[in-house]
Amino acid sequence: MTSSSSGDDWKLLDAAVLGDERAARDLVRRHGGRLHACALRILGDTGTAEEVVQDAFTQLFRKAATLRRDSRLSTWLYAVVVNRCRDTLRRSSFHLAMDVQPLTVDMPAPSIDPHAAIAQQERDARVRCALEKLSPDLREVVALRFASGLSYPEIADVLGCAEGTVASRLHRALVRLGAQLREVGFTREET
Amino acid sequence: MSSSHVAELAVAYLAGELTGVERTAFETHVAACAECRDQVEHVQAALGAVSTWSRAPELDAALEARLVRALGNVRQDRPHRAGRWWRSGVAAAALVGLMAGAAGFAAGRLTRSTGSTSTPVADADSSLRSYLLLLEEPAWPPVRPLTRGGYGEWARAIAAESRFGGAEKLTEEPGFRVSMSGVAASAAGSERPTNVSGWYIVRARSYDEAIAWARRGPHLAYGSVLVREIEDTPRTTR
Chain G
450 MTSSSSGDDW KLLDAAVLGD ERAARDLVRR HGGRLHACAL RILGDTGTAE
500 EVVQDAFTQL FRKAATLRRD SRLSTWLYAV VVNRCRDTLR RSSFHLAMDV
550 QPLTVDMPAP SIDPHAAIAQ QERDARVRCA LEKLSPDLRE VVALRFASGL
600 SYPEIADVLG CAEGTVASRL HRALVRLGAQ LREVGFTREE T
Chain C
15 MSSSHVAELA VAYLAGELTG VERTAFETHV AACAECRDQV EHVQAALGAV
65 STWSRAPELD AALEARLVRA LGNVRQDRPH RAGRWWRSGV AAAALVGLMA
115 GAAGFAAGRL TRSTGSTSTP VADADSSLRS YLLLLEEPAW PPVRPLTRGG
165 YGEWARAIAA ESRFGGAEKL TEEPGFRVSM SGVAASAAGS ERPTNVSGWY
215 IVRARSYDEA IAWARRGPHL AYGSVLVREI EDTPRTTR
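Quick mapping for you: the protein sequence lines, in order, are chains G and C.
For our numbering, count along the first sequence from 1 and bump the result up by 449.
For our numbering, count along the second sequence from 1 and bump the result up by 14.
Simulated from the structure, these hints should not be mistaken for laboratory data.
Using N, Cα and C, we set each Cβ at its ideal position, and we do this for glycine too.
Among the hints, a few may not be true.
[To be verified] Covered stretches of chain C (in silico footprint by chain G; criterion: 3 or more residues with CB under 8 Å from a CB of chain G, positions within the stretch not fixed): (1) 66 to 73; (2) 234 to 241.
[Unchecked claim] Interface residues of chain C toward chain G, partial, derived using beta-carbon atoms under 7 Å: (3) A21; (4) E41; (5) Q53; (6) H56; (7) A59; (8) A63; (9) L85; (10) V88.
Given only the sequences and the hints, what does the whole structure look like? Please build it.
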């Protein structure tokens, strides 16, 4: 997941809970980016993804004293994010709100060629559209693997399943994602 | 060859992980099988799409600041952990916040905003029990108007007497009822008047007191309120 050791993470959490803001910032920096990327790819909405990540860190702080320390802290964070995303996707109000959202995910950096930026936005929109056609469990493995960079064993820990299940789910997801990309006009030449 | 197996081989093939013999065998098969060829193309398109995602996504500075600030607020709550944190200004502020955000209904998001699903806000008086006030309506679709007044005031009145245990508005869809035989059917088609639009939890000493709270609320103008005592059992934590 990250270059940090699991032991370091727990120490940072303990220090942060005691009031060390720098430790809190370090912990957020270590995992926040990948957690947000995961939630963003599952939900397709930046604002909701940010809320999910904030919720995960807040829960971590509140439960710091009672969490079991025999697994990675990041595993716990990802599990909370995945569960919160599942809850969000179950709410029809979320889907109704998403229907009126513009189909963009990321804003291009100012230094990028505007034509390339627009093309990238359109690609992102089609990928997001294709992802939304996947069931939540397939979206999760794609997000954990390719947005957050988790290994198969790590994903298995987060989802509480066997590595073989992760592998078969991921392969199924790739086939379906590819088929959906074709449906939304995403061509091989764009990859 | 199963779809999952083809996909697995395709991933390995595209990553250059197949041996020479395996690679040749795979290429030979794919050349002869249109279905497998499609699968490989799908996998290739998908891998290409996700390859544009950053391998080391950075945290936006504004989000980082927001997360650190939120954690700072959690730290400020901790001195109240001795069991009376709900008396602090944080709980009161959260209650005001959820009232302001609701479109008519009082949204019982106190528990969600604190990250807990079962944290009571009411007094810890042991003589009090919890009662569910289930807001029922005659039928589906819900009785108009949906932007209704009075719910926030009702929640504030209950909280002012330290009897508020939470509240939620349900989404505007009928949902499902799973029968005893396990069949799930849309609740919109149910013969019984079972559109439930929300719930409140009040702390009270008796059914009489809980029923009195139900009568003081605005919901009787739209439907009935089912009052049921909540069983006082130990809660499991997540």
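So, H56 of chain C near chain G? Judge it on the closest CB pair being under 7 Å. Given a least distance of 3 Å, the restraint on H56 of chain C holds.
Against chain G, run the beta carbon of A21 of chain C and see if the smallest gap drops under 7 Å. Nearest chain G Cβ about 4 Å off; hint holds.
Quick check on A63 of chain C please, does its C-beta sit within 7 Å of some C-beta on chain G? Where the cut-off is 7 Å and the nearest Cβ of chain G is about 5 Å from A63 of chain C, the hint holds.
Restraint satisfaction for E41 of chain C [CB to CB of chain G, less than 7 Å]: E41 of chain C check fails; min Cβ-Cβ to chain G is 17 Å, beyond 7 Å.
Does Q53 of chain C pass the interface hint, meaning its C-beta sits closer than 7 Å to a C-beta of chain G? Constraint on Q53 of chain C satisfied, holds at 5 Å.
Chain G over the stretch 66 to 73 of chain C, status - at least 3 residues with CB closer than 8 Å: Coverage by chain G holds here, the residue count being 8 at a Cβ distance below 8 Å.
Was the hint right that V88 of chain C lines chain G, CB cutoff 7 Å? 4 Å, holds
Hinted contact A59 of chain C with chain G - closest CB pair below 7 Å: 4 Å, holds
With a cut-off of 7 Å, does the beta carbon of L85 of chain C approach a beta carbon of chain G closely enough for the hint to hold? With a minimum Cβ separation of about 5 Å from chain G (threshold 7 Å), the hint on L85 of chain C holds.
Stated coverage of the stretch 234 to 241 of chain C by chain G [criterion: 3+ residues, CB within 8 Å]: Violated - the stretch 234 to 241 of chain C has 0 residues with a Cβ nearer than 8 Å to chain G, which falls short of three.
Going down the numbered hints, you'll see the structure goes against 2, 4, while the others check out.
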